[in-house]
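Each chain, written out:
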Amino acid sequence: MRDFSYLRATSPDAAREAAALPGAMLLAGGTTLIDLAKCGVAEPEALVDISHLKGLDTIEVGEHGASLGALAKMSQVAGHDGIKSQFPAVSEALWQAASAQIRNMASIGGNLMQRTRCPYFRDPANFSACNKREPGSGCSAIGGVTRGHAVLGTGGACIAMYPGDLAVALVAFDAAVHLGERQLPVDDFFLLPGSTPDKEHAIRPGEMITAISIPASAAARRSTYLKVRDRQSYEFAAASAAVGIELEADGRTIRDLRVALGGVATKPWRAWAVEEALRGKVLEEDAVRRASLLAVEGAVDHGANHYKIELAPRVVARAILKTGAIA
Amino acid sequence: MTIHDLRTRHGDASDGNADQVGGRLSRVDGPAKITGAAKYAVEQQLEGLAHAVLVESTVPAGKVHAIDTAAAERAPGVLLVLTPDTIPPLKTASDWFGTPPPDVPYCPLARDIAFSGQHVAAVVAESFEQAVAAAALVKVSYDEAPAIADLSDAKAGDGIPIDMMTKEWGEAEAAFAAAPVRICAAYNTPREYQAPMEPHGLIAVWQGDRLTVWEPSQWLDGMARTYAEWFAIPFENVRLVSPYIGGGFGSKALALSHGAVAASAAKMLGRPVRLVMSRPQTFTGYGGRAATRQTVTLGADRDGKIQSIVHRGVNETSMDGMWVEPLGSVTSIMYATPNFSSKQNVVRVNSVVPGAMRAPGENPSAFGIESAIDELAYEVGIDPLEIRLRNYAEQDPHARKAWSTRQLREAFAAGAETFGWSKRSAQPRSMRDGNQLIGWGVAAGTYPVRRAYGEALVRILADGTVEVESSSIDMGQGTYTILAQTAAESLGVPADNVVVKLGDSRFARAGVTGGSRLAGIMTGAVHKAAGAALDQLVGLAISDPRSPFHALQANTLVVSAGRIASPRGDGPEVSIAELLASVGADQIEAKGDTMPANSTAEDRYKAYTTIATPLSHTDGDYSRHSWCAHFIEVRVDEDFGTVRVSRVVSALDSGRLYNPKLAESQWKGGIIMGIGQALLEEGIVDRRHGRIVNNNLADYLVPTNADIPDIEVISVGIPDLHSSVLGGKGVGELAIVGVAPAIANAVFHATGKRVRDLPITLEKLI
Amino acid sequence: MTSQTTIHLTINGHDHSLEIEPRVTLLDALRDRLDLTGTKKGCDQGQCGACTVHVDGERVLACLTLAAQVEGRAITTIEGLAQEDGTLHVVQAAFLQQDAFQCGYCTPGQIMSAVACIREGHAGSDEEIREYMAGNLCRCGAYPHIVAAVRQAALEVAS
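Chains as they are written, first to last, in UniProt numbering: chain A, 1 to 327; chain B, 1 to 766; chain C, 1 to 159.
Chain A extracted, bound-state conformation (with noise of 0.2 Å):
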């Protein structure tokens, strides 16, 4: 890790300002930000610590949906009594992520800018091709050993998998990201690689996430996170998927469902197809496998990650037969 000044911001005014100085970086729960310094990725020259900041992470659920606090904790999101019970998706998208220490520490807002795990990418000393760190200087990822990379909303320039769990739930109920004055729905903070790889947010220069608000949903209500792994915990997901339905009062019709899945692509990625596909049919088994097969519409793989567009709809599949009860 390179030196670095550090500051602790006594208000979000502050932070903000301070961490619009060149070199300056916002530091929260730090899960992501010291490890990516430990790696020689993140450079920063200063660290502007708000994590003592007051105020800034309550967890408010009411009857048009939850507010967080950027920098509520994800275990105090996760075991949250609110958010089990309107958004039980979030709660286990939390709680089935990274493990219960780096829960107590990482922040929401923190988890929304976690980056990606692709190896080649966290070894700048081994490989100096990539575009996400280094614009230009290629993808030393393509070629080489993809198990763990993308097989959506890839591109030339770079096939890095986000990781996350808790944004592919959010991005499946429509939350909201706050940054001070301006929202952006959480679909439109993520960006795709496209050209730019290293641009992985629609955040500005001297702005903080301040909150996430969730729209209150049936949906929502009724919702899972399905996560699939190698290893039973503390492991990114193979594939993964978040999922929401409302029935009609017939108890059988899809009236609404959300479909997000995690672990196979650049950003969190919402299934709109499959919803499309689903909404207004009678929930059964095979219409519920042949619609998740659009899942992975326009899939690439890269070889040892084929496997990602195999998985995918199966997970898809089996957790919306998991929330309609019917699995």
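Treat the hints with care, as some may be off.
Each pair of labels, with its calculated beta carbon distance range [unchecked claim]:
id	chain 1	residue 1	chain 2	residue 2	range
1	B	D433	A	A304	27 to 33 Å
2	B	D433	A	A129	45 to 51 Å
3	C	E19	A	A14	21 to 27 Å
4	B	A66	A	E43	20 to 26 Å
Chain C is faced by these chain B residues, among others (derived, beta-carbon under 7 Å) [as the list claims (entries may be wrong)]:
id	residue
5	S26
6	G36
7	L151
8	G247
9	E394
10	K661
11	G669
12	M673
13	A698
14	A706
Simulated crosslink set (DMTMM-like; lysine to aspartate or glutamate; CA at most 20 Å straight-line) [as the list claims (entries may be wrong)]:
id	chain 1	residue 1	chain 2	residue 2
15	A	K54	C	D56
16	A	K38	B	D95
17	A	K54	C	E58
By construction, these hints were calculated from the structure, which means they are not laboratory data. Glycine is no exception: its CB is placed at the ideal position from the N, C-alpha and C atoms.
With chain A held as given, fit chains B and C onto it using these hints.
Same frame as chain A, now just chains B and C:
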């Protein structure tokens, strides 16, 4: 004349009170470990400690063209930047067989690059943070050469035949061709890593020409020898200290180049230097288990009786070193066959030289043969347990000697009974629970009884407490505890009154801790030393005119619970402390060893600093091995291909257990590492860069707590006095052997898919 | 640019003053500056749990925490778990009884994690214990005994 009674009891795992051999005494080093008081090697706080950080090659082959150290040297706190040009040359040390080395200089920093991750430079600074930051500023350029990335590389070729691994009897090829049932398949295991939780590292300090090294070590005497030879100083001038070792699993037995770098830096600076590998560096700083490939062909008759085994194996080694992973070791002894042929090659690739990892050889060997016999079972329609019994080897088929003890039949019976094997439905895919396909698999394992020599010193102090000293080590196997029990039992004192001191090369000597040999050796040595100390004690009590027993004219006395009395109970009873006070003795001290009586000093040096041991496991009339049988249930998600182990019952024959509580822990640990091997662990090579890319604990997956079900272990061993003084056989290596094939066999039973390439990851099943 | 700064840490109820660079992690501050080496460094990158300590009663990883960040917070390490008179915490005692460790290197982190796991109410079943202890790797494979120790200690804490 027997002058005392030894109350040693030889019994099964359940016998003994905690203070005796065979009892379930809790770890005596436990309180230090659970309170954080246990200081591991690199945790010594030394005045003036400087911190070294390694710089590694980023190419797999070629030469270092230039190293630009200017920026690093200017960086704050930097004391020294070492490169191949600035580090003083050392002497080449002998290998672990003690083979005299060539008289050429040794440079622990490489100019010629044989693998990615090789140490090419090092930075020493006042603080760890400064050293890390400065190391990142060292710029190395290379003249890169073509590399062979791994066994699959088109340039790798067939490798070098290792003739000493060839084992043949009968007419294996012809018998295979003539057999009515034939099985032929290839089984592959990837690079696997020991990944002990404590990374490798050391603190080196010089005082004149005397070197002290605090380093986690499975072999103090062997490593001390290497340091002595590198720096051309007498063996006695090197002190290795390793009181606690945070896991080794084979990886901490040798002094490696990073140790030479740290010791060189300490010498140059005249300050203590600490060097600890980063976790990523531990994947290239020393070798894990070599990647292996085996072809196993079985010829059998229609009732499953094996007629021939033809086995061919290959393992990776490095460009600059030789590692042979003996792939025919289990193949040649597990089953009776009239015809057998096993041969092995090694292939050079651009990797660090592979090394020992829990049951080297036996582990991958068992994956081959124990998978193949399962395939044969399905081919002939015989239960996988039954086919193993039908081919049971009543004697060592290779050495043609009787087994010293082989409780494998008992292991099969006990394991099957507890597991409920008889309720197994024969057909694959015939057991399920919702989306989960359930499979049951069985496999056997074995490990030879490796025997060597050890010394121990037993000291009875004036207050009646006892000290045991040995340069052997405890990395979690329980050496501290079982030696306390041994001394307590031999002397007749409570184990609480025994202090065991290990991990210092100044103590009585010991050979390598590996191959599950230490417990058998050291209990024998302590038993002997304690016996000698007791002889002295009782001798004093009987013959010293000041002793309260002097008038008794007894020819024997007994010591129990730290008190001395006559066997008949007449006469006085005094504590050891009271006796020593009465005769005016400060202490009693005795050394014991397991060396032949006429051993010379040179014999001893060789015995403790090399592995050139004459004690083969098939010496004399017997073939000595530990045995086990694993019964494992898996649940495979039929959509996702994820495999979870849901039940394990293993029955194991490690002979007599010195402490069943600790042996059970070690067995379970081996089984858990085997679960990792079966399902998770694989060093993944980027062929373009010749480099492991998952060089960390988030990407090289070892099992978490959530991956492990309850595990039931059953001891079926009986004392084996051909194997060790007190009747034990090996414990630590044994239990991993056979776990991976048991899981692969269970996965086949669950899914109907035979996976022959470890690990069994989900994409192989969907 | 080397920017030494003075920080004050409260560890196991004792105040410490340190002159360190801001980049020094809590883990290195404990181990290299304060001789509190019970907190272990296994990976130094948030992947093993060996460095688990409590900050304001919550379990966190000391390797990804800057020392400067926890100024003003109450830090508890393994050295501060037993009572001053040496009486072991029930979790420590349970680890010894159940033989829930071998080499001992992951053990302080396991114990700190287990204490928090019970306090959080995540020790309700073996399955829950396994999941909520999954952030502490143990290469010796003491997991079944760790689960037994946590189960035992949770019952003792409850009674």
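Measuring from the C-beta of M673 of chain B to each C-beta in chain C, is the shortest one below 7 Å? Holds - the Cβ of M673 of chain B comes within 7 Å of chain C, reaching about 6 Å at its closest.
Could you check if G36 of chain B really has its C-beta closer than 7 Å to a C-beta on chain C? For G36 of chain B, the interface hint holds, since the closest Cβ of chain C sits about 2 Å away, which is under 7 Å.
Holds or violated: A698 of chain B as interface residue toward chain C, Cβ cutoff 7 Å? 4 Å, holds
Given K661 of chain B as an interface hint, is the shortest Cβ-Cβ distance to chain C below 7 Å? This hint holds: K661 of chain B lies near chain C, its Cβ roughly 5 Å from the closest one there, short of 7 Å.
Please verify that hint: A706 of chain B, Cβ, nearest Cβ of chain C, below 7 Å or not. 4 Å, holds
G669 of chain B as chain C interface residue, shortest Cβ-Cβ below 7 Å: Constraint on G669 of chain B satisfied, holds at 3 Å.
Assessment of proposed distance window 45 to 51 Å (beta carbons of D433 of chain B, A129 of chain A): 47 Å, holds
Quick check on the hint: S26 of chain B CB to chain C CB, less than 7 Å? Where the cut-off is 7 Å and the nearest Cβ of chain C is about 5 Å from S26 of chain B, the hint holds.
Within a Cα-Cα threshold of 20 Å, do K54 of chain A and D56 of chain C meet the stated pairing? 16 Å, holds
27 to 33 Å was suggested as the range; check whether the CB atoms of D433 of chain B and A304 of chain A agree with it. 31 Å, holds
Pair hint K38 of chain A and D95 of chain B, alpha-carbon separation not exceeding 20 Å: 36 Å, violated
E19 of chain C versus A14 of chain A beta-carbon gap, inside 21 to 27 Å or not: Because 26 Å falls inside the window, the suggested range holds.
The structure shown violates the earlier hints numbered 7, 9, 16.
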